[in-house]
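*Asks:* Construct the entire structure; sequences and hints are all you get.
Listed here are the chains, written in short residue letters.
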Amino acid sequence: MKVIDPHIHMVSRSTDDYMALALGGIHTVAEPAFWPGFDRSGVASFHDYFQQLTVTEPARAARFKIRHYSWIGLNSKEAENLALAEEVLAILPEYLERPSVLGIGEVGLNKNSRNEIAVFERQVELAASRGELLLLHTPHLEDKLKGTRIMIDILRNEPRITPERVLIDHAEEHTIPEIKKYGSWFGLTLYPDSKGSPARAVDALEIFGPDRICINSSADWSVSDPLATLKCANEMRRRRYPEQLISRVFYQNPKEFLSQCPKFSAA
Amino acid sequence: MDLPKSTLTTPELLDLYFLENRARLLEIASFLDRLERSAGAGEGGDFRQRAFMEALEILSRPGGDRTRAIQMSFSDPTSEPIASAVGLKACGAWQGGEP
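Protein chains in written order, with our numbering: chain A, 1 to 267; chain B, 1 to 99.
Worth flagging that the hints you see were computed from the coordinates, not collected in a lab. A quick note: this is a predicted structure, and the numbers were derived from the prediction, not measured. It is possible that some hints are incorrect.
Quick list of in silico lysine-lysine cross-link-like pairs, DSS-like style, CA-CA up to 30 Å [claimed, not checked]:
#1 A:Lys263 - A:Lys2
#2 B:Lys5 - A:Lys255
#3 B:Lys89 - A:Lys181
#4 A:Lys2 - B:Lys5
#5 B:Lys5 - A:Lys231
#6 A:Lys181 - B:Lys5
#7 B:Lys89 - A:Lys77
*Replies:* Below you can see the structure in the form of structure tokens.
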């Protein structure tokens with residue numbers, strides 16, 4: 001079975017994890033730029049990080065015959081520092097040109113603050129002006145519903161952004177209906193302690209259907225599992241779903257969304 | 001493509017999921033007992049404990065919409081941006097106007 005993990009943070013994972021992905025049939029991954037667990041002190045750190053995403057990781061993945069793509073953007077956790085944000089926004093176009101970069105992401109909101117919204121709007125404008133795909137991070141826990149609504153309002157006010165070129169990630173049961181109404185793709189993230197479990201993700205498939213859904217591990221430096229997509233696929237088998245449908249959810253769907261960027265080619 | 005609302009019968013679902021959810025139920029019961037043994041238990045805890053107890057009430061309601069309803073009960077229902085996110089992080093329940 002072939003699987004694409006459309007959201008995984010391999011810079012935070014060991015080389016052994018690349019081997020495990022390859023052995024499990026995950027030969028294509030997409031890695032969004034994100035918060036490293038601490039606030040960076042200057043724009044030079046972002047240069048280094050974007051270099052790591054676009055040069056180091058594709059090479060590390062290639063050793064295991066895994067195709068590594070990335071998304072470039074300024075995450076919402078570091079958007080509160082507007083002076084630094086301006087410097088980072090200025091360097092994004094340089095990295096968006098790189099051959100394995102699929103678009104702008106993961107950008108969005110964290111605590112739904114005014115500065116977060118201002119920086120998000122700038123990146124939506126950048127995506128609109130360049131015709132880039134957008135991968136959006138929705139806030140955690142109690143802030144998710146409000147942040148999702150604010151972000152959808154901003155997207156609706158930008159006519160150059162079409163919903164089919166947007167993936168709103170970390171969706172959960174209370175935000176999926178509003179995302180589907182907007183018409184974009186939505187991501188379900190499988191985390192052991194927060195977001196969703198494989199069982200809840202399959203419940204969401206049963207309730208909302210498999211259209212425009214992408215399921216990901218979002219594995220990073222915290223409690224997470226790079227093989228979570230495989231475990232969720234197996235959860236579908238436990239419920240007797242056919243392999244054709246499982247392949248649609250874990251391979252065809254992410255392939256369809258990501259292939260809107262001409263640089264993307266699935267293994 | 002429409003999926004069936006469930007591919008498995010009720011007994012089959014119970015075979016698959018009863019034991020793990022029985023264990024989760026006991027974890028919650030033990031957590032509530034632990035809270036009651038803690039210092040200051042008589043004061044009712046903070047907004048998180050109150051949100052948790054409200055969610056437990058939702059659990060016993062029929063209707064097939066418990067997961068979304070619990071998610072909504074923990075969520076910030078407002079629409080105004082906050083002034084600053086400095087020093088703030090999500091804790092799992094909306095504090096609202098509570099101290």
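*Asks:* Compare the structure with each hint and give your call.
*Replies:* Verification of the hints:
This hinted pair checks out: lysine 263 of chain A and lysine 2 of chain A have alpha carbons roughly 20 Å apart, not beyond 30 Å. Of the supplied pair hints, the one linking lysine 5 of chain B and lysine 255 of chain A holds, its CA atoms being roughly 26 Å apart against a limit of 30 Å. For the proposed pair lysine 89 of chain B and lysine 181 of chain A, the alpha carbon gap of about 29 Å is at most 30 Å, so the pair holds. In summary, the hint linking lysine 2 of chain A to lysine 5 of chain B is supported, as the alpha carbons are separated by about 26 Å, within the 30 Å threshold.
Between lysine 5 of chain B and lysine 231 of chain A the CA atoms are separated by roughly 21 Å; this keeps the pair inside 30 Å, and the hint holds. The suggested pairing of lysine 181 of chain A with lysine 5 of chain B holds, with an alpha-carbon distance near 20 Å, which does not exceed 30 Å. Between lysine 89 of chain B and lysine 77 of chain A the CA atoms are separated by roughly 10 Å; this keeps the pair inside 30 Å, and the hint holds.
The structure is consistent with each of the numbered hints, conforming to all of them.
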